[in-house]
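Novice: Heads up: the protein sequence lines correspond to chains A and B, in order. Quick note on numbering: the first sequence equals residues 1 to 342 in the numbering used here. Quick note on numbering: the second sequence equals residues 1001 to 1288 in the numbering used here.
Source of the hints: derived by calculation from the structure; they are not laboratory data. A hint or two may mislead.
List of simulated lysine-lysine pairs, DSSO-like, C-alpha gap at most 27 Å [what the hints assert, rightly or not]:
id, chain 1, residue 1, chain 2, residue 2
1, A, LYS71, A, LYS234
2, A, LYS79, B, LYS1177
3, A, LYS79, A, LYS22
4, A, LYS234, B, LYS1177
5, A, LYS23, B, LYS1177
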Amino acid sequence: MLEGAAVSEPLLRARGLVKHFKKVQAVDGISFDLHAGETLALVGESGCGKSTAGKLLLRLIEPTAGAVLFKRQNIYELKEREMRSLRREMQVIFQDPYGSLNPRMTVGDMLEEPLRLHGLHRCNERARVTELLGLVGLSPEHAQRYPHEFSGGQRQRIGIARALAVEPRLIVCDEPVSALDVSIQAQVINLLQDLQRQFGLAYLFIAHDLAVVKHIATRVAVMYLGKFVEVAEKHSLFARPRHPYTRALLSAIPVPDPALKKQRLVLQGDVPSPYDPPSGCRFRTRCPWARERCAAEEPRLLEGVACHFWRELEPYASASQSALVNERLARLQAAFQSGGAT
Amino acid sequence: MAAVVFETIDASPGRRAVRRLARRAGAVFGFAVVVFFILIALLAPWLAPYDPVATSWSAVRAAPSAAHWFGADELGRDVLSRIIWGTRASILAGVVSVSISLALGVPIGMLTGYLGRWVDALISRVTDAMLACPFLILAIALAAFLGPSLTNAMIAIGISATPIFIRLTRAQVLAAKAEDYVEAARALGNPHLRIALRHILPNIVAPLIVQATLAIAAAVIAEASLSFLGLGQQPPAPSWGSMLNTARNYVDQAPWMAIWPGLSIFLLVLSFNLLGDGLRDALDPRHK
């Protein structure tokens, strides 16, 4: 009976998360739910607050305001010790496979540490390390080696194994593949998907590569200057982007075929400074459809879109777009087929 | 080619650093001389041909000869024996005082770097104030305050060299703290103490080793200076600094009294500096 209730209830609820670094409004009021087994992709330009949102979720930094409810507890109200034991349930995978592993620890020590910290697999730590290495496609003898002896892709697998060691329910993946070759990207993405199916993991997947997002995400949240501008199911977002910024992002995906002329929505100017974001709608300074109301009134996120006028915009020409993304995806998967053996 | 094969066979970061160090002539020379002096210090009772404090009226200011290789001083004491025994004071002063600086500076530096906020502000200001005073002047003032003896000189030198270690450790901790692997260690639920000792400290030892080696060289000079001023090793016990001090009055009649201790200080300090430079290059991760 309780089981049934737990399934429908989200694993995690973020409510009104705000993080200001002095005057910089890195994250400014975002809310979302995350369910077990789903992947919420967080996309946006660099500097829009994606990574800060990820760190807030794990309480690696303290929020300026807001709450993250995990198992109905607000994690920001937990004491140091309680938070440490909760960390078993929420893990992180970093972007840089070189910076995320301690260069002075062997892979075995790195994977054993979390087991000892949380008292998991007592007396069987060695066997568990071997098992973890197997899960991510590495062999037991890799345990004695140091990080510098591995390639970028292998290091990222080690980072994934370390996150899995504590059997978490949620993993924040902070651009986990953007530092890797395309062929290796596919391997790592497929590994993440396999693990998700196997363990029912929830991912918060921070990314800027829309091809990867289209492959792995269940839902997508588009961020601009610290706020969500659109949140939608993956398929509807890619087929019918509603917010002007989402449209611009989708039309910015490069075209591999020069013969294919596509209508591009090119944004003018730079991202405004998060020190002093524009009044009203934060996107209005670069939005081709901006009107007076946009400067005066901040649009609320309604039905997953934060735009006053999205219903009035001309329909989005989507057919060629999804073909392009699929083409990129096909290459990723082809690369996986050929590179998967190594 | 052979080097490439070696790199893949043998893995630990420490061993690779040793291999890089061995490729540097200056560092190898420095290391050899340092080891040589350490052996002399350890084996002094067996190596010294005479008792270093035994005076002899027949040998007053005797020039170097078969009986006294390095000559004799104003009281007829054998200079070679005094140099050999004086090595103990110099090496001891170098190692003990730098150990004091490390023992004080590294924990304090880690505390300031890791905790930040007001702890950092407070300790950093105190450090700045101490660094505003020249190292040797501070050491002399402290040694004079504590009273003249070799032990007090080592304490004075150790405390005077501490701010450099606080500042270096703090800077290194700040850099390491921003690394993803430290963030990952936090995300895994490591307590703060364990993050500091297991994840940060091992990654900042390289610059500390280098600084310690260079500080030993400075401490050897400082001990010699304090002894020269009468604030270090007390007569009749031998020390290179106090030997130089007495030699000052006889430089024209008995230059050997000054040359040998001067040369010893020069050689030991140079070697520690060469070793420190070599270590800095060998431990720098940018050198592959």
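Novice: Each hint: holds or not?
Specialist: Here is how each hint holds up against the structure:
1. Restraint check for LYS71 (chain A) and LYS234 (chain A): the C-alpha separation of about 26 Å stays at or below 27 Å, so the hint holds.
2. With a C-alpha separation of about 22 Å, the suggested pair LYS79 (chain A) and LYS1177 (chain B) falls inside the 27 Å cut-off, and the hint holds.
3. With a C-alpha separation of about 25 Å, the suggested pairing of LYS79 (chain A) with LYS22 (chain A) holds against the 27 Å cut-off.
4. Among the hinted pairs, LYS234 (chain A) with LYS1177 (chain B) is inconsistent with the structure: their alpha-carbon atoms are about 36 Å apart, more than 27 Å.
5. The suggested pairing of LYS23 (chain A) with LYS1177 (chain B) holds, with an alpha-carbon distance near 23 Å, which does not exceed 27 Å.
Checked against the numbered hints given earlier, the structure breaks only hint 4 and satisfies all the rest.
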